[in-house]
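Make a model of the complete structure from these sequences and hints.
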Amino acid sequence: MTMRILSTELRRSAAPVSGALIAALGAAGLWSLVLSSQGELWDAQWTMLAAFQRIMLVLLWPLALGSGAWQARRDRRCGMEELLGTTPLPAWRRTLPSAVALALCLILGYLLTLAAGAVRVAGRTDYLSGDWLPITAVGALTLVAAGWLGMGVGRLLPSVYTPPVLVVAGFLALLLPVQLSKSSQPGSVSLLAPNLTTNFDEFTTIVGSVSLAQSLWFTGLAGSGLLLLMAARRRTTAAVAPVPALLGLVLAMPLLGAEPAAGLQRDEGATAEVCTHDGGPTVCVTKAHERGLPELVGPARRALTLLAKLPDAPTSVHEVTGDRPGPQPAGEVWLHSDNYVLGRGWAADSEDALVVSILAGAGTRPCEPVAYGARAVAGAWLYGRYPAPGQTVLPGEEADARAAAWRELRALPAQEQVRRITAVREAGLTCRGDLAAALAKDAS
Numbered sequence: 001m002t003m004r005i006l007s008t009e010l011r012r013s014a015a016p017v018s019g020a021l022i023a024a025l026g027a028a029g030l031w032s033l034v035l036s037s038q039g040e041l042w043d044a045q046w047t048m049l050a051a052f053q054r055i056m057l058v059l060l061w062p063l064a065l066g067s068g069a070w071q072a073r074r075d076r077r078c079g080m081e082e083l084l085g086t087t088p089l090p091a092w093r094r095t096l097p098s099a100v101a102l103a104l105c106l107i108l109g110y111l112l113t114l115a116a117g118a119v120r121v122a123g124r125t126d127y128l129s130g131d132w133l134p135i136t137a138v139g140a141l142t143l144v145a146a147g148w149l150g151m152g153v154g155r156l157l158p159s160v161y162t163p164p165v166l167v168v169a170g171f172l173a174l175l176l177p178v179q180l181s182k183s184s185q186p187g188s189v190s191l192l193a194p195n196l197t198t199n200f201d202e203f204t205t206i207v208g209s210v211s212l213a214q215s216l217w218f219t220g221l222a223g224s225g226l227l228l229l230m231a232a233r234r235r236t237t238a239a240v241a242p243v244p245a246l247l248g249l250v251l252a253m254p255l256l257g258a259e260p261a262a263g264l265q266r267d268e269g270a271t272a273e274v275c276t277h278d279g280g281p282t283v284c285v286t287k288a289h290e291r292g293l294p295e296l297v298g299p300a301r302r303a304l305t306l307l308a309k310l311p312d313a314p315t316s317v318h319e320v321t322g323d324r325p326g327p328q329p330a331g332e333v334w335l336h337s338d339n340y341v342l343g344r345g346w347a348a349d350s351e352d353a354l355v356v357s358i359l360a361g362a363g364t365r366p367c368e369p370v371a372y373g374a375r376a377v378a379g380a381w382l383y384g385r386y387p388a389p390g391q392t393v394l395p396g397e398e399a400d401a402r403a404a405a406w407r408e409l410r411a412l413p414a415q416e417q418v419r420r421i422t423a424v425r426e427a428g429l430t431c432r433g434d435l436a437a438a439l440a441k442d443a444s
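Position 98 of the sequence shown, counted from 1, bears residue number 98 in the working numbering, the numbering being contiguous throughout.
By construction, these hints were calculated from the structure, which means they are not laboratory data.
A portion of the hints provided could be inaccurate.
[What the hints assert, rightly or not] Once the Cα atoms are required to be at most 20 Å apart in a straight line, the calculated EDC-like pairs of lysine to aspartate or glutamate come out as:
#, residue 1, residue 2
1, K287, E40
2, K287, E268
3, K441, E416
4, K287, E273
5, K309, E273
6, K441, E426
7, K287, E426
8, K287, D323
9, K287, D126
Quick caveat: nothing in here was measured; it's all calculated off a predicted structure.
Listed below in structure tokens is the structure:
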């Protein structure tokens with residue numbers, strides 16, 4: 001196959017239109033979320049962008065499948081099928097240029113979608129992980145597999161109804177793992193789908209062996225589609241078309257079975273700490289939230305000053321993710337990463353409110369079940385007044401209970417108040433005690 005033949009295919013076939021549709025729908029999907037103030041689903045990090053592209057494959061993959069079937073009907077639409085069938089040119093020589101052209105256009109469309117999102121991501125994060133590369137590569141490979149499989153089926157069943165039926169069938173098939181993930185824990189089989197169906201945040205990435213397994217599976221599926229395309233009219237040869245897909249499946253399943261059912265793991269690079277080194281008390285954030293460090297330093301050090309009234313007071317503040325194992329060191333304040341809103345910064349209306357967020361639970365992260373009232377009262381006591389900035393609760397039983405706990409605490413002798421807040425902190429450090437009971441305990 002020469003470049004001249006390929007360039008002719010690119011000019012005469014529907015492949016460029018298919019690639020343009022992939023790019024247009026993909027970019028529209030990304031930016032529609034930005035316009036609806038939901039851009040944080042993908043624009044905070046490169047890995048999140050690549051993963052969200054994979055989520056959008058629930059729409060793009062069926063489109064590529066139908067595009068392949070439409071491309072395979074070109075000879076019949078032009079009334080050239082019988083004429084070309086009488087030529088001595090092997091079938092693979094006639095069909096391969098068309099298949100390559102479609103693959104190139106689908107890949108280009110997928111990469112253009114990535115570029116449309118990269119314009120926004122590049123200005124919103126300083127963390128660049130290499131994990132987005134295999135995630136994107138597998139996504140592009142799935143589109144090639146869809147296109148070639150569609151071409152094979154379209155050549156085997158050259159009906160005008162084949163393309164739309166494949167689009168609908170592909171969409172319904174991909175909806176199944178999405179629905180299953182909502183009702184139960186997805187199994188390894190769900191990882192065979194091109195689209196991601198699990199929650200994805202800035203601290204998550206796809207396990208490398210899962211990407212490898214998916215590459216093997218979709219390479220086999222693409223091979224089956226290509227073999228079916230080249231031998232659809234030869235029954236004996238067409239019968240062996242499923243072999244590449246089955247081989248890919250056999251190679252992929254052991255890799256998928258050895259990993260978590262969701263196929264995700266903690267991104268160690270994103271959770272690595274970035275700390276201050278200016279001679280003052282240490283303040284650390286995760287690498288994924290590095291841009292929030294300057295904004296956190298002042299409030300964090302104010303919080304440490306207020307915590308100094310407790311015995312064995314902490315001397316540093318660390319942002320931590322929810323899955324960080326405990327117990328929390330006594331010399332550290334842990335601030336849950338949920339306090340950082342992607343694309344916006346720390347979730348506080350003012351610097352004082354951020355100080356109070358750090359002081360919640362006497363400088364400990366939430367433990368399940370979360371004792372919101374005890375954490376709020378402890379933070380307010382350390383800050384010096386109730387309600388403290390940022391502490392809002394609707395009128396009702398919860399508000400009344402917090403106010404009563406505050407009045408009871410403030411009515412105690414000063415040393416007893418310190419003992420109770422210290423008890424709240426000690427319970428929060430290990431996540432084994434009851435913060436509400438520690439706050440109400442009469443230690444006199």
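Violated hints - listed by number, lowest first: 5 and 7
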